[in-house]
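In case you want the letters, here they are:
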Amino acid sequence: MKPFERLLLENKAWAEEKHLQEPEFFERMSQDQKPDFLWIGCADSRVPAEIIVNAQPGEIFVHRNIANQVITTDFNSLSVLQYAVDVLKVDHVIVCGHYNCGGVKAALNKQNANLVLVNKWLMHLKDIYRLHQKDIEGFHTDKDKANRLVELNVIEQVRKLTHTSIIQQAWREENRPVLHGWVYALEDGKIKQLIMLPPDSPIESIYQYTDALTS
Amino acid sequence: MKTIERLLLENKAWAQEHLAVDPGFLSKLAIERTCEIFWIGCSDSRVHADEITNSEPGRIFVHRNIANSVISTDINLLSALEYAVDELRVRHIVVCGHYECGGVRAALRKAHPGQSLLNKWLKHIKDTYRLHRAELDALATDRERQHRLVELNVIEQIHNLSQTSTIQRAWAGRQGPELHGWVYGLEDGIIREIAHLDAESPLDPLYEFDLGGGL
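One line per chain: the protein sequences are U and W, in this order. If you're matching positions, the first sequence starts at 1 in the numbering used here and goes up one per residue. If you're matching positions, the second sequence starts at 1 in the numbering used here and goes up one per residue.
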């Protein structure tokens, strides 16, 4: 059986089981979604967002890309953010990285000439390294350096969220969402909190939008 | 309603439960392994890639954005695609849309001027509508039009994938990966395959890369 055929079979089994457990499940699912959380996570197959926090369908709106990044020129993640914050009105945005991240490890090495697009995406991680070079070089092994960059990357992405007009406006007008930076460890399956920024957390002045935004 | 603390508690419970059932489970995952499927799905909280296909962590590399779009200028998705095809060497790429998609519904309405980023993202769905206007306008109800546009959007994204240099080069080099267009029904939980392309599929010459030059 080809891998994709197995997925389709598993899907049928899942749907039947769900229906048996809760006959109204799919009827409930057909209603509009009202998730409380936006999850910005890594595309890595070993970090399935909803599974590792036992979330039910309908609870978490999910964006996953390489190394859980929020990039100011990226319409993809910013559209997700705008939809989640302005339309779905989520109360929490979570950026969840993970140790042993292939993207972070790649960013600490020389660029791979064959991966022209990945290189551009990972360039932002190299910039974070440069910003925190002293901190990272204080660690002795490559593994520890990479894991420290994983943490600093999560913190940086949470800060970048605060630099968007979407978050600043929602903080000012609706006093939400709370921003969370988490890191997941593949070795023990546990999530650790790294940073939490409630609405009205200080934002460096050069990143602040003028009040004229609120109209 | 789930609080953020509950997600973290659920994570601890999930990790403990998995370790109780299979003590080697997480250490197996900590070692990087190849996954065979790249999933491009919608961010919608009701469409969990891993859960609806009963997939264990490690099986599917996942990108999720608004309305499972593949856009030729989007470095976010294209770098995930490049990583999946050239590094992980996946055998299958699934674009999975779903009925009752909020992004597709929004694209059928007038744009909201306050959602400047989202509008640009959804513009591509409007373009798909325009391409198939005769077929869509012939349908009797708004709901049917929405459903059909969900399907046409998935088919369009499969073709968008086939028009990338990443896919064309992989098809020429290793006859893979296969591209699958799926639609998930929220009302019954079942995934249906509606389109399929592989290395043998004819390409519109307008979108073909000249791979002879080595670049």
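Hints are computed from structural coordinates only; laboratory data are not their basis. Yeah, the Cβ is synthetic: ideal placement off N, Cα and C, and Gly gets one too. The reader is advised that the hints may include incorrect statements.
As the list claims (entries may be wrong) - Partial chain W-side listing against chain U, Cβ under 10 Å, derived: (1) Arg91; (2) Gly103; (3) Gln168; (4) Arg192; (5) Ile194; (6) Leu206; (7) Glu208.
To be verified - Pulled from the structure, derived: some chain U residues nowhere near chain W, Cβ distances all over 10 Å: (8) Pro35; (9) Lys126; (10) Thr141; (11) Glu151.
Results for each hint:
1. This hint holds: Arg91 (chain W) has a C-beta 6 Å from the nearest C-beta of chain U, less than the 10 Å allowed.
2. Using the Cβ-Cβ criterion of 10 Å, the hint placing Gly103 (chain W) at the interface with chain U is satisfied: the shortest such distance is roughly 8 Å.
3. Violation of the interface hint for Gln168 (chain W) is found here, the shortest Cβ-Cβ separation to chain U being roughly 14 Å, above the 10 Å cut-off.
4. Using the Cβ-Cβ criterion of 10 Å, the hint placing Arg192 (chain W) at the interface with chain U is satisfied: the shortest such distance is roughly 9 Å.
5. The closest approach between the C-beta of Ile194 (chain W) and any C-beta of chain U is roughly 12 Å, which is over the 10 Å cut-off, so the hint fails.
6. Interface restraint check: Leu206 (chain W) against chain U, minimum CB-CB distance 22 Å, threshold 10 Å, status violated.
7. For Glu208 (chain W), the interface hint is violated, since its Cβ never comes within 10 Å of a Cβ in chain U; the closest pair sits about 19 Å apart.
8. In this structure Pro35 (chain U) is not separated from chain W by more than 10 Å, as the shortest Cβ-Cβ distance comes to only about 4 Å.
9. Every beta carbon of chain W lies more than 10 Å from that of Lys126 (chain U), the smallest distance being close to 14 Å; the non-interface claim holds.
10. Once the 10 Å rule is applied to beta carbons, Thr141 (chain U) is consistent with being away from chain W; the minimum gap is 16 Å.
11. Against the 10 Å criterion, Glu151 (chain U) stays outside the reach of chain W, whose nearest CB is about 17 Å from its own CB.
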